[in-house]
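A.B. asks: Spelled out from the first residue to the last, the chains are:
Number of protein chains: 2
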Amino acid sequence: EKQRELQKITAELESAKKELIKLEARQEAQGSKNRAIEALKRSGIRGIHGALGELIKVVDEKYLTAVDVALGSHFDNLVVEDDKVAEEAIKFLKRNKLGRLTFLPLNKIKPRKAPSVGGGIPAIELVEYNPRYENAVSFALGDTLVVEDMNEARRIGIGKARMVTLGGELLERSGAIVGGHYRPRQRISIGNIEEVRAKVQALETQKE
Amino acid sequence: EKQRELQKITAELESAKKELIKLEARQEAQGSKNRAIEALKRSGIRGIHGALGELIKVVDEKYLTAVDVALGSHFDNLVVEDDKVAEEAIKFLKRNKLGRLTFLPLNKIKPRKAPSVGGGIPAIELVEYNPRYENAVSFALGDTLVVEDMNEARRIGIGKARMVTLGGELLERSGAIVGGHYRPRQRISIGNIEEVRAKVQALETQKE
Chain X
347 EKQRELQKIT AELESAKKEL IKLEARQEAQ GSKNRAIEAL KRSGIRGIHG ALGELIKVVD
407 EKYLTAVDVA LGSHFDNLVV EDDKVAEEAI KFLKRNKLGR LTFLPLNKIK PRKAPSVGGG
467 IPAIELVEYN PRYENAVSFA LGDTLVVEDM NEARRIGIGK ARMVTLGGEL LERSGAIVGG
527 HYRPRQRISI GNIEEVRAKV QALETQKE
Chain E
347 EKQRELQKIT AELESAKKEL IKLEARQEAQ GSKNRAIEAL KRSGIRGIHG ALGELIKVVD
407 EKYLTAVDVA LGSHFDNLVV EDDKVAEEAI KFLKRNKLGR LTFLPLNKIK PRKAPSVGGG
467 IPAIELVEYN PRYENAVSFA LGDTLVVEDM NEARRIGIGK ARMVTLGGEL LERSGAIVGG
527 HYRPRQRISI GNIEEVRAKV QALETQKE
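Residue numbers (this note's numbering), protein chains in the order written: chain X, 347 to 554; chain E, 347 to 554.
Hints in this document: simulated from the structure, not taken from any laboratory.
Model, not experiment: these values are computed from the prediction.
Any given hint could turn out to be false.
Only part of the chain E face toward chain X is listed, based on derived beta-carbon distances under 8 Å [what the hints assert, rightly or not]:
hint, residue
1, LEU444
2, THR448
3, LYS454
4, GLU515
5, ALA522
6, GLY525
7, PRO530
8, ALA544
9, ALA548
DSS-like mimics (lysine-lysine), calculated; alpha carbons at most 30 Å apart, straight line [to be verified]:
hint, chain 1, residue 1, chain 2, residue 2
10, X, LYS545, E, LYS368
11, E, LYS364, X, LYS545
12, E, LYS545, X, LYS506
13, X, LYS437, E, LYS506
14, E, LYS387, X, LYS363
15, X, LYS368, E, LYS459
16, X, LYS379, E, LYS354
17, E, LYS454, X, LYS456
18, E, LYS364, X, LYS354
19, E, LYS368, X, LYS387
20, E, LYS545, X, LYS364
21, E, LYS545, X, LYS456
22, E, LYS354, X, LYS364
23, E, LYS454, X, LYS348
24, E, LYS363, X, LYS545
25, E, LYS364, X, LYS363
26, E, LYS354, X, LYS553
27, X, LYS354, E, LYS408
28, X, LYS368, E, LYS408
29, X, LYS363, E, LYS440
30, E, LYS459, X, LYS364
31, X, LYS454, E, LYS363
32, E, LYS408, X, LYS437
33, X, LYS408, E, LYS553
34, E, LYS430, E, LYS408
35, E, LYS408, X, LYS459
36, X, LYS363, E, LYS363
37, E, LYS456, X, LYS430
In this text, a Cβ means the ideal position worked out from N, Cα and C, and glycines have one as well.
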């Protein structure tokens, strides 16, 4: 009876340990940008504001997918006060082998604007942000129109403006097209890791 | 003696299994684009050419870092014959829940050109590619100049052109700056996984 209980706990522990290895490896692969950003925030370098995606709030949930897709890799761009801060931060990353980031210096980053094309909603009207970050937000979203679907995009004219559909297709003015199976960004994975870590510790205590 | 040998093999097997879990999780996180591209190539959809990064060859190793950095996320963009192929491919990805890709339709993608600024080497002169992909390569690299270092970039004038240094700093015309600790793309990780997988199998056989 006690033997069976011990076998059960051992099996559960083994399974939880494997899960933890997997989650840590995935976090390592996906989270290197997050780690670099957190390290820079703790570095003492002044003028580091935050990842663009965390400085923006989407007002209406209906547009969450469209704005997320429109942000694309700019979500993880790090907004900094000026280009001197960016250079100092790059040196820090190199010294500490912390990977690479894209920096948006507020004194240098050029805002963008969508052309008037008689349709779509400017993406920048669908988000809230501190006005001090206007240049950076406008750089990432200012040229983007949110449209209902591909049909509306075609009516407006593909190539006339950068357009994103509610379903998450993105049509760049360059002619590039982004699409496929949309998966929201996994921001909750860190919570999962902590839970599994706690479970491993509890099972190890129970086994003794 | 035999008991000690068995313990040794068991410990090695445990370690190799953990390594395999980690590598598979990392590959899963990093390789979803590769998996989507491979699936599309096998899908039977005509007009799918390949990831931009695999259609380009860097002639002189001295420029490998600079070109890699200049390509950025365009490395994994999928070159396709036209926008109809891109739409068909997007439907395929959605149906099979295979994630998202950026498509470069050869009939729509707009080539880019670097301004004359009296310095730097056009990145597009440093690569070889099949001329049929000219539009796509020019879209990704056509506006980029390769410079020696940040000093040369400043001499030319930051913001005057898109510039990448031999050491891997990237200065976008938009004012964005990309930099940090450069790590070449891990194209060999799949080889590593197969090796560890083979090791696990060998150790399991040995243990019996």
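A.B. asks: None of the hints should be skipped; say for each whether it holds.
C.D. replies: Hint check:
1. A cut of 8 Å between beta carbons decides the hint on LEU444(E): the least distance to chain X is about 6 Å, and the hint holds.
2. A cut of 8 Å between beta carbons decides the hint on THR448(E): the least distance to chain X is about 5 Å, and the hint holds.
3. Below 8 Å, beta-carbon pairs count as interface contacts, and LYS454(E) has one with chain X at about 4 Å; its hint therefore holds.
4. A least Cβ separation of about 7 Å between GLU515(E) and chain X falls short of the 8 Å threshold, and the interface hint therefore holds.
5. Among the interface hints, the one on ALA522(E) holds; its C-beta lies about 5 Å from the nearest C-beta in chain X, closer than the 8 Å criterion.
6. Of the supplied interface hints, the one on GLY525(E) holds, with its beta-carbon coming within about 4 Å of a beta-carbon of chain X, less than 8 Å.
7. The criterion of a C-beta within 8 Å of any C-beta in chain X is not met by PRO530(E), whose closest approach is roughly 12 Å, and the hint is violated.
8. With its C-beta approaching chain X no nearer than about 20 Å, ALA544(E) sits outside the 8 Å limit, and its interface hint is violated.
9. With a least beta-carbon distance of about 20 Å to chain X, the hint placing ALA548(E) at the interface is violated under the 8 Å criterion.
10. The straight-line distance between the Cα atoms of LYS545(X) and LYS368(E) is roughly 19 Å, inside the 30 Å bound, and the hint therefore holds.
11. Between the alpha carbons of LYS364(E) and LYS545(X) the distance comes to roughly 18 Å, so the proposed pair stays at or under 30 Å and holds.
12. The straight-line distance between the Cα atoms of LYS545(E) and LYS506(X) is roughly 55 Å, outside the 30 Å bound, and the hint therefore fails.
13. Our distance criterion of 30 Å between C-alpha atoms is met by LYS437(X) and LYS506(E), whose separation comes to about 23 Å.
14. Distance restraint check for LYS387(E) and LYS363(X): the Cα-Cα separation of roughly 36 Å exceeds the 30 Å cut-off, and the hinted pair is therefore not satisfied.
15. For the given pair, LYS368(X) sits about 44 Å from LYS459(E) by alpha-carbon distance, which is inconsistent with the 30 Å threshold.
16. The straight-line distance between the Cα atoms of LYS379(X) and LYS354(E) is roughly 38 Å, outside the 30 Å bound, and the hint therefore fails.
17. Straight-line distance between C-alpha atoms of LYS454(E) and LYS456(X) comes to about 26 Å, which keeps the hinted pair within the 30 Å bound.
18. Among the hinted pairs, LYS364(E) with LYS354(X) is consistent with the structure: their alpha-carbon atoms are about 20 Å apart, no more than 30 Å.
19. For the suggested pair LYS368(E) and LYS387(X), the alpha carbons sit about 28 Å apart, so the restraint of at most 30 Å is met.
20. Our distance criterion of 30 Å between C-alpha atoms is met by LYS545(E) and LYS364(X), whose separation comes to about 18 Å.
21. Our distance criterion of 30 Å between C-alpha atoms is broken by LYS545(E) and LYS456(X), whose separation comes to about 53 Å.
22. Taking the CA atoms of LYS354(E) and LYS364(X), the gap is near 20 Å; set against the 30 Å cutoff, the hint holds.
23. For a cut-off of 30 Å, the pair hint linking LYS454(E) to LYS348(X) is broken: about 69 Å separates their Cα positions.
24. At most 30 Å may separate the alpha-carbon atoms for a hinted pair to count; LYS363(E) and LYS545(X) meet this at roughly 21 Å.
25. Among the hinted pairs, LYS364(E) with LYS363(X) is consistent with the structure: their alpha-carbon atoms are about 9 Å apart, no more than 30 Å.
26. Restraint check: the Cα-Cα separation between LYS354(E) and LYS553(X) comes to about 23 Å, which is no more than 30 Å; the hinted pair holds.
27. Between LYS354(X) and LYS408(E), the direct Cα distance comes to roughly 57 Å. Violation of the 30 Å bound is thereby established for this hinted pair.
28. The suggested pairing of LYS368(X) with LYS408(E) is violated, with an alpha-carbon distance near 37 Å, which exceeds 30 Å.
29. With a CA separation close to 33 Å, the supplied pair LYS363(X) and LYS440(E) exceeds the 30 Å bound.
30. Simply put, LYS459(E) and LYS364(X) have alpha-carbon atoms about 50 Å apart, too far for the 30 Å limit, and the pair is violated.
31. For the given pair, LYS454(X) sits about 49 Å from LYS363(E) by alpha-carbon distance, which is inconsistent with the 30 Å threshold.
32. Under the criterion of a C-alpha separation no larger than 30 Å, the hint pairing LYS408(E) with LYS437(X) is consistent with the structure, at around 22 Å.
33. This hinted pair does not check out: LYS408(X) and LYS553(E) have alpha carbons roughly 57 Å apart, beyond 30 Å.
34. Taken as a hint, the LYS430(E) and LYS408(E) pair is broken in the structure, with Cα atoms around 38 Å apart against an allowance of 30 Å.
35. Using a Cα cut-off of 30 Å, the hinted pair LYS408(E) and LYS459(X) is violated, with the two alpha carbons roughly 38 Å apart.
36. Pair hint LYS363(X) plus LYS363(E) holds up; C-alpha atoms about 12 Å apart against a cutoff of 30 Å.
37. For the hint linking LYS456(E) to LYS430(X), the alpha-carbon distance of about 33 Å lies beyond 30 Å, and the restraint is violated.
Checked against the numbered hints above, the structure violates hints 7, 8, 9, 12, 14, 15, 16, 21, 23, 27, 28, 29, 30, 31, 33, 34, 35 and 37; every other hint is satisfied.
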